[in-house]
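A.B. asks: So you can see what is in the structure, the chains are spelled out below.
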Amino acid sequence: MPPPDPAIRFEKVVKRFGPLEVLRGVDLAVPGSSTIAIIGPSGSGKSTLVRCINHLERIQGGAIRVGEVTITADGLESGGRRLSGREIARHRTGIGLVSQSFNLFPHLTVMGNIVEAPTGVLRWPRAEAVDKAMALLRKVNLEDKANAYPATLSGGQQQRVAIVRSLIMDPPIMLFDEPTSALDPELTGEVLRVIRDLAIGGRTAIIVTHELRFAREVASHVVFMEEGRIVEEGPPEQVLGVPREVRTRAFVNSILE
Amino acid sequence: MSFNRLWGIFWEYRDVLLTGIGVTVALSIAAMLLAVVVGLVACLGTLAKSRLVRAPAILYVEFCRNTPVLVQLVWVHYAWPEVFGIKFDSITSSVIALALQSSGYLAEEYRAGIESIEKGQIEAAQSLGMTYPRLMRRIVLPQAFIRMLPGILNQYVTCFKSTSIVSIIAVPDLMYQAGLIVSATFLPMPVYTAVAITYFLLVLVVSSAVRYLSRKLPAGGYFQTERHAAA
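Chains as they are written, first to last, in our numbering: chain A, 1 to 257; chain B, 258 to 488.
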């Protein structure tokens, strides 16, 4: 079992894409088992921030602590030792990532998508993985789609499968990168329900979202980012209800209108 | 020259021609099988992070693509014994030379297929804890292969036609047999016409099959139906 309290801590994190500075010294503490929502205009660096946690993006400055692992510009280390590619891959099994575009594997069935990593990476017996996958599919009302290919599913169904695909490995951390942004409005509800009722469940969760009502409902802490910096953070009632900063207020109002 | 005369030559030399066709088909298949594997290795080499791996792979691919197949054939057959100290019989040399040529083109075909896979697929696989070799094998290559298949089959057509040059190192393929018949009959026009028609019909069969298969392939949308076998 992974450590029960895998807090994430960003320390002066800097990320550049060429000359463009996307994260300009971000400090943020995510307590274990808490749910944090990150909001902000597009291009504010919120997706990048989340993607740095499982090292899909390299950082150029500062440090990110994820459980026992520290990420710096030099790579990942734990206990003073650099992690190999294989160890980085293993580290990622403890971090679920659900992205805007689902990214289901089109050549595999729903079941194939879900059991690929547990059987291939974690070496579970196939029957055990299939049982657990079916149990999760039942919870998201997709048990009849186990043998369907992703192309035959709606966006909302695909995203629920993507969530199950991450959850089956029971990661202590779940990251959601605009999980409903690519969905038709009438499909966002079913996905948000699954995130709230199933995916968060005692895990450390970070959700990048434009759904302010949802953020208010599930998050214990809301972070507003703009131009690579955290402008304001605090409890949802404050950041979303009575924001202190002018820019936060302008953003929240623009979304609510 | 009447049709009957042409047919007469076909018929009289049918055994020789059939042997030639057999050799041509066998050569093209052997060369292609070798090229499919070598091309994949070369392609993965060109995509490697390490320059020590990448540079020779790129050099290999460029060499294969940018030298005439006739030159490669003569080079393998007559120069390798001195350069590398290995001497092959003419059939083996032909297979190697044809494979050399095709592997270069296939490597490029593979690379285009691999690079056409969306970045999100790779990121999803990485996020699930897959290492690079695993995500290549399980996620990228199976998807890329479908997209590469028309290109691979077209390269087979090219390879098939290229086999006609191996007669210059005395491989008894269709073209070589034609030369023998000409020296026996002193009738170059009907014999070479017969051979041209034979090649045309053979290649037509192969390339029609390729076109048919390419149309059958799911265009990007992938498998649209349920799979009923147990998952």
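Check before you lean on any hint, since a few could be wrong.
Claimed, not checked - Using 25 Å as the maximum straight-line C-alpha spacing, the simulated SDA-like pairs for lysine to any residue come out as follows:
#	chain 1	residue 1	chain 2	residue 2
1	B	Lys376	A	His221
2	B	Lys376	A	Thr72
3	A	Lys132	B	Glu380
4	A	Lys12	A	Asp197
5	A	Lys132	A	His221
6	B	Lys306	A	Arg58
Honestly, the hints are just simulated from the structure, not real lab data.
A.B. asks: If a hint holds in the structure, say so; if it doesn't, say that too.
C.D. replies: Hints, one by one, checked against the model:
1. B:Lys376 to A:His221: Measuring from Cα to Cα gives roughly 31 Å; hence the hint is violated.
2. B:Lys376 to A:Thr72: Since the Cα atoms of Lys376 of chain B and Thr72 of chain A sit roughly 23 Å apart, the hinted pair holds (cutoff 25 Å).
3. A:Lys132 to B:Glu380: Within the cut-off at roughly 24 Å; holds.
4. A:Lys12 to A:Asp197: 33 Å, violated
5. A:Lys132 to A:His221: 32 Å, violated
6. B:Lys306 to A:Arg58: 16 Å, holds
The structure is inconsistent with the numbered hints 1, 4, 5, although it conforms to all the rest.
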